[in-house]
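Chains as they are written, first to last, in the working numbering: chain A, 2 to 123; chain B, 2 to 123; chain C, 2 to 123; chain D, 2 to 123.
Keep in mind that the hints are not guaranteed to be accurate.
To spell it out: a stretch of chain D is covered by chain A in this simulated footprint if at least three of its residues, at any positions, have a beta carbon under 8 angstroms from a beta carbon of chain A; those stretches are [said to hold, decoys possible]: (1) 45-55; (2) 108-115.
Partial pick of chain B residues on the chain D-facing surface, computed with a CB cut under 8 angstroms [what the hints assert, rightly or not]: (3) Ser40; (4) Phe52; (5) Lys53; (6) Asn117.
I should point out that these hints are in silico values taken from the structure, not numbers from a laboratory. We put the beta carbon where it would ideally sit given N, CA and C, even for glycine.
There are 4 protein chains.
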Amino acid sequence: MNADPTTSIVDLKARIKSFCEARDWDQYHNAKDLAIGVSTEAGELLDLFRFKSLEEVEGMFRNAREREDIEDEMADVLFFVLRLGQKYDIDLATALARKMEKNELKYPVEKTRGSNLKYDKF
Amino acid sequence: MNADPTTSIVDLKARIKSFCEARDWDQYHNAKDLAIGVSTEAGELLDLFRFKSLEEVEGMFRNAREREDIEDEMADVLFFVLRLGQKYDIDLATALARKMEKNELKYPVEKTRGSNLKYDKF
Amino acid sequence: MNADPTTSIVDLKARIKSFCEARDWDQYHNAKDLAIGVSTEAGELLDLFRFKSLEEVEGMFRNAREREDIEDEMADVLFFVLRLGQKYDIDLATALARKMEKNELKYPVEKTRGSNLKYDKF
Amino acid sequence: MNADPTTSIVDLKARIKSFCEARDWDQYHNAKDLAIGVSTEAGELLDLFRFKSLEEVEGMFRNAREREDIEDEMADVLFFVLRLGQKYDIDLATALARKMEKNELKYPVEKTRGSNLKYDKF
Numbered sequence: 002m003n004a005d006p007t008t009s010i011v012d013l014k015a016r017i018k019s020f021c022e023a024r025d026w027d028q029y030h031n032a033k034d035l036a037i038g039v040s041t042e043a044g045e046l047l048d049l050f051r052f053k054s055l056e057e058v059e060g061m062f063r064n065a066r067e068r069e070d071i072e073d074e075m076a077d078v079l080f081f082v083l084r085l086g087q088k089y090d091i092d093l094a095t096a097l098a099r100k101m102e103k104n105e106l107k108y109p110v111e112k113t114r115g116s117n118l119k120y121d122k123f
Numbered sequence: 002m003n004a005d006p007t008t009s010i011v012d013l014k015a016r017i018k019s020f021c022e023a024r025d026w027d028q029y030h031n032a033k034d035l036a037i038g039v040s041t042e043a044g045e046l047l048d049l050f051r052f053k054s055l056e057e058v059e060g061m062f063r064n065a066r067e068r069e070d071i072e073d074e075m076a077d078v079l080f081f082v083l084r085l086g087q088k089y090d091i092d093l094a095t096a097l098a099r100k101m102e103k104n105e106l107k108y109p110v111e112k113t114r115g116s117n118l119k120y121d122k123f
Numbered sequence: 002m003n004a005d006p007t008t009s010i011v012d013l014k015a016r017i018k019s020f021c022e023a024r025d026w027d028q029y030h031n032a033k034d035l036a037i038g039v040s041t042e043a044g045e046l047l048d049l050f051r052f053k054s055l056e057e058v059e060g061m062f063r064n065a066r067e068r069e070d071i072e073d074e075m076a077d078v079l080f081f082v083l084r085l086g087q088k089y090d091i092d093l094a095t096a097l098a099r100k101m102e103k104n105e106l107k108y109p110v111e112k113t114r115g116s117n118l119k120y121d122k123f
Numbered sequence: 002m003n004a005d006p007t008t009s010i011v012d013l014k015a016r017i018k019s020f021c022e023a024r025d026w027d028q029y030h031n032a033k034d035l036a037i038g039v040s041t042e043a044g045e046l047l048d049l050f051r052f053k054s055l056e057e058v059e060g061m062f063r064n065a066r067e068r069e070d071i072e073d074e075m076a077d078v079l080f081f082v083l084r085l086g087q088k089y090d091i092d093l094a095t096a097l098a099r100k101m102e103k104n105e106l107k108y109p110v111e112k113t114r115g116s117n118l119k120y121d122k123f
């Protein structure tokens, strides 16, 4: 129920690798199709919120079935990001740390605090 | 350089929480806009491969600059998925494990081995 | 300035065909990559509204530069849908009419009037 | 069967306006949610081609049922682009013409002929 503190990125990659190899899916899992997977699953996640007000969206998280639908779609996005990382030897924790250092420069606290502007608009 | 074995999901969530709170972004980070973030960043990842052959895509991973571009876009997708999980108290490792159990049933090994069909097509 | 009443779908397809053939792009414009184009450009359109309130979004249409940004991204989505239609001999007006007849059945007026529910939820 | 030569953009907008007003959907059809609609339907179109080789994708257009699935998803994308144009008084033919003039400059024939490079890579 509370596995995020004890689950490493490598644990997740290993689980996914084993799932895909049992199905002999390496042949289909090139980077381009995996990126399509990330994108189409992200679309399914977003679709849950289409035409919903922000209040309705908050309510979905308090409804067990709707919350599970949301979590399922998030899991599908994660699946493809992790699979892409596993297939192409990408250390995701390092990639994320490096990108966030770039974001620290792109979005300096003093300029972006409380703002929703993009980095090219301030 | 090799942080995935020792980085937990909670470590990543904590890093992202601190980044966003320093910028007072909680007010903008409702689930709907975060899902938009997941989707638009997934589009940027996919855009790197548009009109590229599978051979060209493989070559991009051997080019340091292009590989970093790909990793950066993957990091951006991860950022929003993790932020959504952190903001709404979703245990992502549990969500992924549960979804993969559903996928084990939807895609039984004996029926899907070596196949690229969707679960509603076999 | 007001060309929609006098421009047919075939006019737009012809303009796009000529643009792409002058660049010898037929070789890259297979259906899969064109669908990637539709999706990534749709992401760029959506990205303009990320983290914006509904009021801010309305304001963007009253700002000449922001309105042009929105229209440009809509044009990019249209470009790829029309190119896909032109390349694969799809009569888009017929496809849209047929799909809307299906939607009339999926979303009957008496059940959907004033509702934002999906067809599988009422 | 062959309606694209005689159907104007305004004809399509009028059909969609009437469909949406009969359902009293104006209240949900703000630009942000309509852009979400464009993006999620584009994802459904792309999803049809996920893990398919280019040869398999070509074959889908020769199969009546699969061809109709593709056309339906293209129609859904068009629906939301046209609805957004109709709702916000955007002349789509003009927007497309203007964007293609920008693209003529971004992608000059002599530099882009036979190339799949983005404008910022040549």
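Cross-check of the supplied hints:
| no. | hint | in the structure |
| --- | --- | --- |
| 1 | 45-55 | holds (count 6) |
| 2 | 108-115 | violated (count 0) |
| 3 | Ser40 | holds, 6 angstroms |
| 4 | Phe52 | holds, 4 angstroms |
| 5 | Lys53 | holds, 7 angstroms |
| 6 | Asn117 | holds, 4 angstroms |
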